[in-house]
Amino acid sequence: MLHWAFDGLLGTGLLWLAWRALTTPDLFKAIVLFFSFGLLMALAWVRLNAPDVALAEAAIGAGLTGALLLAALARLDTSNQPANPVTGDGESDLVDH
Amino acid sequence: MSITNPATGKAFRWLVMLLLSAIGGWLAYVMLVLSRSPAGLGDQVAAQLNTTGVGNPVTAVLLNFRGYDTLLEMAVLLIALLGVWSLGGLADYQDTAPGPTLDTLSRVLAPMLIMVAAYLLWVGADAPGGAFQAGSVLGAAGVLLQLAGWRLGDCFSGMLLRVVLISGLGLFILVGAGLLLIGGAFLQYPPALAGGLILLIETAATLTIGATLAALFLGNRPGLGPKKADPEKTEPDHGNQHP
Chain R
1 MLHWAFDGLL GTGLLWLAWR ALTTPDLFKA IVLFFSFGLL MALAWVRLNA PDVALAEAAI
61 GAGLTGALLL AALARLDTSN QPANPVTGDG ESDLVDH
Chain B
98 MSITNPATGK AFRWLVMLLL SAIGGWLAYV MLVLSRSPAG LGDQVAAQLN TTGVGNPVTA
158 VLLNFRGYDT LLEMAVLLIA LLGVWSLGGL ADYQDTAPGP TLDTLSRVLA PMLIMVAAYL
218 LWVGADAPGG AFQAGSVLGA AGVLLQLAGW RLGDCFSGML LRVVLISGLG LFILVGAGLL
278 LIGGAFLQYP PALAGGLILL IETAATLTIG ATLAALFLGN RPGLGPKKAD PEKTEPDHGN
338 QHP
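The listed protein sequences derive, respectively, from chains R and B.
Under our numbering, the first residue of the first sequence carries the number 1, and numbering increases by one thereafter.
Under our numbering, the first residue of the second sequence carries the number 98, and numbering increases by one thereafter.
Don't take every hint at face value.
Okay, the calculated beta carbon distance ranges per label pair [what the hints assert, rightly or not]:
| # | chain 1 | residue 1 | chain 2 | residue 2 | range |
| --- | --- | --- | --- | --- | --- |
| 1 | B | 198 | R | 29 | 16 to 26 angstroms |
| 2 | B | 287 | R | 2 | 47 to 57 angstroms |
| 3 | B | 144 | R | 9 | 35 to 45 angstroms |
| 4 | B | 109 | R | 72 | 34 to 44 angstroms |
| 5 | R | 29 | B | 287 | 20 to 30 angstroms |
| 6 | R | 36 | B | 109 | 46 to 56 angstroms |
| 7 | R | 23 | B | 215 | 38 to 48 angstroms |
Hint data in this document are derived by calculation from the structure and do not stem from the laboratory.
Beta carbons are placed, not taken as given, at the ideal position from N, Cα and C, and that holds for glycine.
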């Protein structure tokens with residue numbers, strides 16, 4: 001019974017986090033949501049009795065991919081600033097696609 | 098693609114939604130059909146496990162039965178790094194002095210991460226773990242050190258870094274080719290040597306994956322270093338050196 005509740009919560013949380021990560025307009029927030037998604041996904045792999053995949057997911061999926069995304073975001077900000085110094089026009093462009 | 102006309106855009110969205118629902122329904126149907134058939138090659142793997150040289154079925158599949166796949170994964174990682182490097186002209190991170198917390202924490206954490214990586218690599222033969230997990234932990238140590246303001250010294254960032262970056266793939270191919278020479282098939286380890294060979298390949302792969310991920314985070318192609326750089330006096334594990 002407790003297992004079902006936990007798994008249900010985990011599955012719902014995963015779907016919700018995935019939806020939020022895809023739809024949130026703030027890129028930084030999206031990356032943080034992606035981090036959380038990866039961590040919950042690692043938990044889901046543990047629940048599926050796949051500790052190897054869980055380790056890889058936690059280390060690569062949540063940790064390093066997130067770090068790479070953050071690095072890319074930092075580069076986006078610096079490369080956007082000279083192009084359009086006044087408005088944050090470029091950002092809505094990025095979110096839409 | 099970009100769609101400018103709003104009416105076309107809406108129709109396009111409906112089309113995408115329809116397609117996605119169709120694919121979703123089809124996948125659900127396939128899953129329902131598949132679940133009836135007995136699944137997996139687990140029994141076959143378990144039956145052959147004692148010839149692989151390792152005790153963990155996942156490592157056995159990744160490095161022995163399907164070693165070719167792992168070889169190609171290493172190649173993909175290398176190509177990804179080359180792709181990032183070929184972009185060129187990325188802005189460097191600003192050299193900000195880290196706060197005392199980050200500074201101290203990184204000095205404590207980095208050696209620990211390296212130890213965890215070594216443990217994961219070693220334990221991967223018999224329990225969950227392995228080269229990719231260990232490599233990504235090593236890469237995380239590299240990312241942490243970079244965030245703390247540490248940079249790879251000039252004498253390491255040239256030829257030595259490149260040797261580490263290709264050593265995983267290179268050693269993998271060399272072992273495979275060597276086995277081909279002594280009369281086996283490509284990457285078909287003799288059972289007596291399998292454990293040692295897999296550990297050798299995984300060690301090189303761990304170093305390569307760690308260095309590749311850290312280099313991906315850095316983004317820029319590190320220079321070839323000063324002219325008088327002497328690659329022989331340096332050691333391969335560049336991740337654990339503080340300035």
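Structure-based check of all given hints:
For residue 198 of chain B and residue 29 of chain R, the hinted distance range of 16 to 26 angstroms is satisfied, since their beta carbons lie about 24 angstroms from each other. As the Cβ distance of residue 287 of chain B to residue 2 of chain R is approximately 49 angstroms, the hint placing it in 47 to 57 angstroms holds. Between residue 144 of chain B and residue 9 of chain R the Cβ separation comes to about 38 angstroms, which falls inside the hinted range of 35 to 45 angstroms. For the hinted restraint 34 to 44 angstroms between residue 109 of chain B and residue 72 of chain R, the CB-CB distance of approximately 27 angstroms leaves it violated.
Distance hint check: the CB atoms of residue 29 of chain R and residue 287 of chain B are about 53 angstroms apart, inconsistent with the given range 20 to 30 angstroms. Between residue 36 of chain R and residue 109 of chain B the C-beta distance comes to about 31 angstroms, which lies outside the given range of 46 to 56 angstroms. The supplied range of 38 to 48 angstroms is met by residue 23 of chain R and residue 215 of chain B, whose beta-carbon atoms lie about 41 angstroms from each other.
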